[in-house]
Amino acid sequence: MWKCSNHLLVYCYLYDEYIQENKRFERELLKIENRLTDLGIAGKVSRLALFRNAEEMIRDEINHGVSTIVVVGNDETIRKVIDVVADNDVVLGIIPIGPANELARMMGIPEGVAACDVLSARRVEKIDLGTVNGRRFVTGVTMPNFHAEITCEDKFRVTSIARQAELEIRNLADVTDPRDGRFEAVIRAVVKKGWGIFGKAQLMESILPLSSMAIRSEKPISLFVDGEEMRSTRFDIGIEPLLLKVITGKARVF
Amino acid sequence: MFKNKHKSDMPSSVSGETIIAQGVRVEGDFHSQGDVVIDGEVAGTVETQGALVVGETAKIHADVKAKSAVVAGEVVGNIFATEMLELLATSHVKGDIVTGRISVAAGAQVNGRVSMGEEGKGGKGKVDVEVL
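Line order of the protein sequences matches chains A and B. Just so we're aligned, residue 4 is where the first sequence starts under the numbering used here, counting upward by one. Just so we're aligned, residue 287 is where the second sequence starts under the numbering used here, counting upward by one.
Fair warning: there could be bad hints in the mix.
Each computed DSBU-like pair below joins lysine-lysine, with the alpha-carbon atoms no more than 35 Å apart [stated by the list, open to error]:
{"hint": "1", "chain 1": "B", "residue 1": "K380", "chain 2": "A", "residue 2": "K158"}
{"hint": "2", "chain 1": "A", "residue 1": "K195", "chain 2": "B", "residue 2": "K345"}
{"hint": "3", "chain 1": "A", "residue 1": "K203", "chain 2": "B", "residue 2": "K345"}
{"hint": "4", "chain 1": "A", "residue 1": "K222", "chain 2": "B", "residue 2": "K345"}
{"hint": "5", "chain 1": "A", "residue 1": "K26", "chain 2": "A", "residue 2": "K248"}
{"hint": "6", "chain 1": "A", "residue 1": "K195", "chain 2": "B", "residue 2": "K351"}
{"hint": "7", "chain 1": "A", "residue 1": "K158", "chain 2": "A", "residue 2": "K253"}
{"hint": "8", "chain 1": "B", "residue 1": "K380", "chain 2": "A", "residue 2": "K196"}
{"hint": "9", "chain 1": "A", "residue 1": "K47", "chain 2": "A", "residue 2": "K34"}
{"hint": "10", "chain 1": "B", "residue 1": "K351", "chain 2": "A", "residue 2": "K196"}
{"hint": "11", "chain 1": "A", "residue 1": "K158", "chain 2": "A", "residue 2": "K47"}
{"hint": "12", "chain 1": "B", "residue 1": "K353", "chain 2": "A", "residue 2": "K195"}
{"hint": "13", "chain 1": "A", "residue 1": "K158", "chain 2": "A", "residue 2": "K129"}
{"hint": "14", "chain 1": "A", "residue 1": "K203", "chain 2": "A", "residue 2": "K222"}
{"hint": "15", "chain 1": "B", "residue 1": "K351", "chain 2": "A", "residue 2": "K248"}
{"hint": "16", "chain 1": "B", "residue 1": "K345", "chain 2": "A", "residue 2": "K158"}
{"hint": "17", "chain 1": "A", "residue 1": "K83", "chain 2": "A", "residue 2": "K26"}
{"hint": "18", "chain 1": "B", "residue 1": "K345", "chain 2": "A", "residue 2": "K196"}
{"hint": "19", "chain 1": "A", "residue 1": "K203", "chain 2": "B", "residue 2": "K380"}
{"hint": "20", "chain 1": "B", "residue 1": "K351", "chain 2": "A", "residue 2": "K158"}
{"hint": "21", "chain 1": "A", "residue 1": "K248", "chain 2": "A", "residue 2": "K47"}
{"hint": "22", "chain 1": "A", "residue 1": "K129", "chain 2": "B", "residue 2": "K353"}
{"hint": "23", "chain 1": "A", "residue 1": "K195", "chain 2": "B", "residue 2": "K380"}
{"hint": "24", "chain 1": "A", "residue 1": "K47", "chain 2": "A", "residue 2": "K129"}
{"hint": "25", "chain 1": "A", "residue 1": "K253", "chain 2": "A", "residue 2": "K47"}
{"hint": "26", "chain 1": "B", "residue 1": "K380", "chain 2": "B", "residue 2": "K353"}
{"hint": "27", "chain 1": "A", "residue 1": "K196", "chain 2": "B", "residue 2": "K353"}
Hints in this document: simulated from the structure, not taken from any laboratory.
With the rest of the complex left out, here is chain B (with noise of 0.2 Å):
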């Protein structure tokens, strides 16, 4: 069925980076040390210790951990990214946003409550913004 492809052609996870493609769901607790692509389906809770990637396939429905996250796709559930979340034009968010910064492309769908600076870092200071 694959024969076609040689192994040496295959990508590998750079120093234990996971990489959840379509065709595959994944539900349960899911946590990694290293960096998370995700363009399948994930039900649960997501939680990384470095930098996440939400693919435009991909449908999240999970509350999510991570150091810093780009978005492109669906997520339901809540965000948690300490230092920095980038929503691109594709992005379906439904839940709320704590992040210590945030870039938001024109196009990008928000509902939830969003909070930002120090809180993102568990600070005190903080900035709420209730987008609809």
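Pulled out of the complex, with its shape left as it was, chain A reads as follows (with noise of 0.2 Å):
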């Protein structure tokens, strides 16, 4: 983690779209454009719209001296952000506003005006990310139906032997470290203990560490990454260690 002054640090604020259009949020903007300028960390607003692509607006505003990008909005929104704050190096940091903001919650952000706070202390930690076919993702994969195989790091397969498993791949979760240039593949199999009647069905959880997967099915199969939908016979995973640098609260998870 590192630490410097807000001196000479250029805020470039990204609104989205739900929050422009919805009303309930009016006052807590407000408060929260209030609250940076006493701060002293106010900068440019930039607002998402249909027809605007996030990336190319992120792209003009680093080229005009930004450092760091403040999304205003929730987990969808950093999504649409991540690739371009990623390969230019700047910072990232959240104010997460309604619904659906776990990442931030992780990243131990709180919502609305108290995230300004945290943006101003500047905690900054670089994290991993993950990348699926060159896609990248923040928190993980999820497959609900898992019957696949899985090659790892190009040495061993694993195979579920189970009627019904899920996998899922962790970069960022409550339980592990999104800065150790691994993700934890979790395969949840259904296994029946007992005969007949007596069996009982348990859920068997299986965790591997890995640095790179490969996904190989016959017919297409639904991966979603960090909650939108991927479908394909192939998907090959790996990691990108500590490529994003973003500002966290005291209560973060990691």
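Both chains are given apart, each in its own frame, so use the hints to dock them into the complex.
See the structure below:
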């Protein structure tokens, strides 16, 4: 973790579309803007809109000297900017507003105006980013119906021999450290214990810390990357160590 | 299918610990730097620089190398445990064992040659025991 003064740091605040459209966030936004001014970290406001490319907007701001991109929105907003922020070596800040703010919670950032003080304290952590077929993710990947073969680090294969199984790949979760250069592959298999009608189904959990993994299937299968669906017969999963600089709070989970 | 289990209730691998639970099969060269717990099926080779625990339900058809090992399940293959090997009452081992120290519980089944003492650590002195 490194800390530096707010002096000479240029902030850009990226308001998601749903915040601008919803009147119930108006008062909260006003409070946030006032608090940011009080703390001396106010900056340019950019607004996401239906036909505006978030990445292009941010790249433009970075070219004009912005060093910190602050997302005012939720997990979905963060997903829109993750590539451009990571590629341009700028710092990501979050002011969570509204529902679906799991990422901010794990980073230890409180909702609404309270997030401004966390931003001002500027505890920057570098965290790993996962990749699926070249697409980056922060939290993880899930495959609810896991019946594919996975090859881990080109050395060994893992298959589920249970009827029902799910696969989860975690980078940032309540129980993992997103700074270790690895992700955790978790396979939950339903195993029947005991005989006949006395048998009980139990959920058994396998955990493999890995740096790369390949998933292959004869038929197209669905993966949910940070909650968003991807469908293919081949998935190559990897990790980019300490790629994302993000402002975190004391209550972060790692 | 698994919705009732909250994420925070899930066990996590402690400092890189690997868990191969029942319902999962691993084939190939499995190498780990941390501790490994196996309750599922493994074929190939298993190597860890940490401790290995082979649970009662485990079926391992592989040569096994670990710093220390506790075996309660089935191992078909040679076991090399640098420091200590503990065979519990439910263990079935079919293969040679090389280890620094060994503990064998009553009921444990070993079919193979046991070499221990300095041999297990790569030294010259050795004690050979043939168990059939």
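Hints versus structure:
Proximity of K380/B to K158/A is assessed by CA-CA distance (about 25 Å); at most 35 Å being required, the pair is judged to hold. Between K195/A and K345/B the CA atoms are separated by roughly 17 Å; this keeps the pair inside 35 Å, and the hint holds. A C-alpha spacing of about 21 Å is found between K203/A and K345/B, which places the hinted pair at or below 35 Å, so the restraint holds. About 30 Å separates the Cα atoms of K222/A and K345/B, which keeps this hinted pair within 35 Å; it holds.
Distance restraint check for K26/A and K248/A: the Cα-Cα separation of roughly 32 Å lies within the 35 Å cut-off, and the hinted pair is therefore satisfied. A hinted pair counts as satisfied when its Cα atoms are at most 35 Å apart, and K195/A with K351/B qualifies at roughly 31 Å. A threshold of 35 Å between alpha carbons decides the hint, and for K158/A with K253/A the separation of about 39 Å lies outside it, so the pair is violated. This hinted pair checks out: K380/B and K196/A have alpha carbons roughly 26 Å apart, not beyond 35 Å.
For the proposed pair K47/A and K34/A, the alpha carbon gap of about 16 Å is at most 35 Å, so the pair holds. With a C-alpha separation of about 30 Å, the suggested pair K351/B and K196/A falls inside the 35 Å cut-off, and the hint holds. Taking the CA atoms of K158/A and K47/A, the gap is about 49 Å. The hint is violated against a cut of 35 Å. Our distance criterion of 35 Å between C-alpha atoms is met by K353/B and K195/A, whose separation comes to about 33 Å.
For the hint pairing K158/A with K129/A, the CA-to-CA distance comes to about 29 Å; that is within 35 Å, so the pair holds. A C-alpha spacing of about 31 Å is found between K203/A and K222/A, which places the hinted pair at or below 35 Å, so the restraint holds. Using a Cα cut-off of 35 Å, the hinted pair K351/B and K248/A is violated, with the two alpha carbons roughly 39 Å apart. This hinted pair checks out: K345/B and K158/A have alpha carbons roughly 20 Å apart, not beyond 35 Å.
A threshold of 35 Å between alpha carbons decides the hint, and for K83/A with K26/A the separation of about 23 Å falls inside it, so the pair holds. Proposed proximity of K345/B and K196/A is supported: the alpha carbons are some 16 Å apart, at most 35 Å. A C-alpha spacing of about 31 Å is found between K203/A and K380/B, which places the hinted pair at or below 35 Å, so the restraint holds. For the given pair, K351/B sits about 16 Å from K158/A by alpha-carbon distance, which is consistent with the 35 Å threshold.
The straight-line distance between the Cα atoms of K248/A and K47/A is roughly 20 Å, inside the 35 Å bound, and the hint therefore holds. The hinted pair formed by K129/A and K353/B meets the criterion: a straight-line CA distance of about 33 Å does not exceed 35 Å. The suggested pairing of K195/A with K380/B holds, with an alpha-carbon distance near 27 Å, which does not exceed 35 Å. Distance check on the hinted pair: K47/A and K129/A sit about 24 Å apart at the alpha-carbon level, within 35 Å; holds.
With a C-alpha separation of about 26 Å, the suggested pairing of K253/A with K47/A holds against the 35 Å cut-off. Note on K380/B and K353/B: the hinted pairing holds, with a Cα-Cα distance of about 20 Å set against a maximum of 35 Å. Distance restraint check for K196/A and K353/B: the Cα-Cα separation of roughly 31 Å lies within the 35 Å cut-off, and the hinted pair is therefore satisfied.
In this structure, the hints that do not hold are numbers 7, 11 and 15, in rising order.
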